[in-house]
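Chemist: The hints should help you fit chain E onto chain H, whose structure is shown.
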Amino acid sequence: MSARDDALWSVQFRREREQSWRHLESLIGKSEKFGRRGLAYQELAKLPVLYRAALSSLAVARSSVLDQNLREYLESLVARAYLVVYAPQRTFFEVLRGFLLGGFAAAVRSIRWQVAASAGAMLLGAVIAYGMVVADAENFYLFVDSNMASGRDPSATTESLRATLFADPDELDGLLPFATMLFTHNSAVSILAYGLGFVFGLPVLLLLLQNGMILGAMTALFHQRGLAVEWWSWILPHGVPELTAIALCGGAGLAIGHRLVFPGQRGRLQGLAEVGRRMGAVVGGAVLMLLLAGFVEGVFRQVVHDLWARYALAGLFAFAWFAYFRWAGRRES
Amino acid sequence: MTTLADPLAPQLVTTPEGLVLRFTTATASERIAAFALDALLLTLLLAAGAILMACLAPALQGAVRPFFALWFFLLRFCWFAWAEIRGGGRTPGKRRFHLRVIRSDGGPLTAEVLIARNLTREIETFLPVLLVISPDLLFAGHDGIVRIVAVVWVLVLLFFPLTNAQRLRIGDLLAGTRVVVSPPAALARDLAATGKQSGAAKDEPAAAPEFSFPPEQLRIYGEHELSVLEDVLRKAPADGKDPTLAAVAKSICRRIGIADPSAALAKPLPFLRAFYAAQRGHLEQGLLLGKRRRDKHAR
Chain H
1 MSARDDALWS VQFRREREQS WRHLESLIGK SEKFGRRGLA YQELAKLPVL
51 YRAALSSLAV ARSSVLDQNL REYLESLVAR AYLVVYAPQR TFFEVLRGFL
101 LGGFAAAVRS IRWQVAASAG AMLLGAVIAY GMVVADAENF YLFVDSNMAS
151 GRDPSATTES LRATLFADPD ELDGLLPFAT MLFTHNSAVS ILAYGLGFVF
201 GLPVLLLLLQ NGMILGAMTA LFHQRGLAVE WWSWILPHGV PELTAIALCG
251 GAGLAIGHRL VFPGQRGRLQ GLAEVGRRMG AVVGGAVLML LLAGFVEGVF
301 RQVVHDLWAR YALAGLFAFA WFAYFRWAGR RES
Chain E
1 MTTLADPLAP QLVTTPEGLV LRFTTATASE RIAAFALDAL LLTLLLAAGA
51 ILMACLAPAL QGAVRPFFAL WFFLLRFCWF AWAEIRGGGR TPGKRRFHLR
101 VIRSDGGPLT AEVLIARNLT REIETFLPVL LVISPDLLFA GHDGIVRIVA
151 VVWVLVLLFF PLTNAQRLRI GDLLAGTRVV VSPPAALARD LAATGKQSGA
201 AKDEPAAAPE FSFPPEQLRI YGEHELSVLE DVLRKAPADG KDPTLAAVAK
251 SICRRIGIAD PSAALAKPLP FLRAFYAAQR GHLEQGLLLG KRRRDKHAR
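If you're matching them up, the sequences are chains H and E in order.
Residues 1 to 333 (the working numbering) are what the first sequence spells out, left to right.
Residues 1 to 299 (the working numbering) are what the second sequence spells out, left to right.
What the hints contain is simulated information worked out from the structure, not anything from laboratory work.
Cross-link-like lysine to any residue pairs, in silico, SDA-like; alpha carbons within 25 Å at most:
no., chain 1, residue 1, chain 2, residue 2
1, H, Lys-33, E, Thr-110
2, H, Lys-33, E, Arg-86
3, H, Lys-33, E, Trp-79
4, H, Lys-46, E, Ala-186
5, E, Lys-296, H, Ser-64
6, H, Lys-33, E, Leu-42
7, H, Lys-33, E, Asp-38
8, H, Lys-46, E, Thr-14
9, H, Lys-33, E, Ala-111
10, H, Lys-46, E, Gly-18
11, E, Lys-235, H, Glu-75
12, H, Lys-33, E, Trp-82
13, E, Lys-267, H, Ala-7
14, E, Lys-250, E, Ala-263
15, H, Lys-33, E, Glu-30
16, H, Lys-30, E, Gly-87
17, H, Lys-33, E, Ala-39
18, H, Lys-33, E, His-98
19, H, Lys-33, E, Leu-21
20, E, Lys-296, H, Arg-62
21, H, Lys-30, E, Phe-97
22, H, Lys-33, E, Pro-108
23, H, Lys-46, E, Glu-17
24, H, Lys-30, E, Arg-96
25, E, Lys-291, H, Ser-63
26, H, Lys-30, H, Glu-94
27, H, Lys-33, E, Val-181
28, H, Lys-33, E, Gly-106
29, H, Lys-30, E, Ala-111
30, E, Lys-291, H, Glu-72
Just the calculated beta-carbon pair ranges, DEER-fashion:
no., chain 1, residue 1, chain 2, residue 2, range
31, E, Ala-188, H, Ala-40, 27 to 37 Å
32, E, Leu-41, H, Ala-156, 38 to 48 Å
33, H, Leu-316, E, Ala-9, 50 to 60 Å
34, H, Ala-309, E, Leu-162, 53 to 63 Å
35, E, Phe-126, H, Ala-228, 35 to 45 Å
36, E, Cys-78, H, Ala-309, 29 to 39 Å
37, H, Leu-316, E, Leu-19, 51 to 61 Å
38, H, Val-303, E, Cys-78, 24 to 34 Å
39, H, Lys-33, E, Pro-16, 21 to 31 Å
40, H, Phe-34, E, Lys-291, 38 to 48 Å
Beta carbons are placed, not taken as given, at the ideal position from N, Cα and C, and that holds for glycine.
Pulled out of the complex, with its shape left as it was, chain H reads as follows (with noise of 0.2 Å):
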């Protein structure tokens, strides 16, 4: 090189390496741009060379640079190769692969007491509405606002009632929108049970206590009305997975105002971040049952009305998600 032996010793450095850092930074910005896939083969095995060389230069220009320009140039580089050269490398499909054949199961394993104190909730919510109903018809108004009852109330008849629970085949334009209008509704107060936590869950018991009410207010009315096993072959088959998913998500808020409660030896921040990423991924699940919930409740419960296909399918359902919450994702963990 016919470098001037007179130059400063930072110059020659920068002469030396500018083209390198160059080719690096043409690179990140393609794969900034367009993803990794903006990459040739070459290019690709070329990015984590050229990163290791700009993290040297770097570290040389930290410590015997005095051109401030370029150590904001490198410092800027380096950041942004090493975002792109450890970002995941994993596809969209493949993340929900391992999330759905266990990586659901195991988070959802992992908070299985806060679950359990969840459902206790929503239980508990339930008996004391169906105990003050039972004991008086007119406390039903207390735990089911009229816009929800939608004329299931204690002043309805019973052939009413009953109506309400078998669709007339003819209405079926409307189960579209039901279906829709309950998956968003169920899914944003699971959204929110989630957020909720982090006021130290008490929101999510009072959510969890309100929603276990309306069901066990809806139950007494239909119990006193001698529509019991109608009424349960109603609510089981899309009952199993929603309540299951509103379970979970309140567990999750519970265990994330739990960590925040009991922080542990590592911190709040850092535990608080731990937790929230797993129950991030059982909120995930969970909208994945609502759906699945929504469309039992618009479609299915509506068009089919014998009392055992509807008790089977609710089996099925208790069964299959019992032995998936238990055994999947096991041999990996």
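Modeler: Positioned in the frame of chain H, the structure of chain E alone reads:
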């Protein structure tokens, strides 16, 4: 508790190679701007969906409303997570303002992390927006004290990021993420380089012997003054006709004790360039030998 005037704490990440990288934390205003852009995009997508459904209404018959509800749901709960997963931690709005999400421990930004940080948007942004647009929907059937509590509660969530030094949202806390700003830095020319690389190639070879500085004149200043001089030189116009340059040259001459400053003051830009190169060479020489002079007050 921090205040708005405090500088934001940077996020330090140790690479597997053992070097500590310093990420600049994004300010609240940058994040608000990025969010506003994303919200605008979201609104446009919602409107586009509505128009599309309206056009397809005859074909869809009764299914328009559910499809629209589903579309709204996807945008409201899934769009941010999807955009961040796809863009490697950058939504279109973040991209525009050079923001990006990183993990606080520097680990890979997996899908679950991004989903976890976006699940709380519901209580952090959509609720406050709802409070402004249609408070009745939020308070349905409640009044008095309940409303006040709800408003306070929503405001606490909304302003939570301003209470910590890294502008963390609750979602950031739950997912262990930080939002950093990383504008691409340009590599400008080396001010100490001579020859072809420099812009003022014509007069510089002549300038080099014109000004020379004995070592005792280079012992005055430190790294801080050097970087200030670098700033001055980088901002200077190419023709060197800037009163700042003359003023800087004058004070340098006085400080390092040049007996006759007339040559320097006649050509302030070449003088300052030559001094910059000489001073940098001197200080870097010291660094190689393990001697560091932070500023002129250092002993």
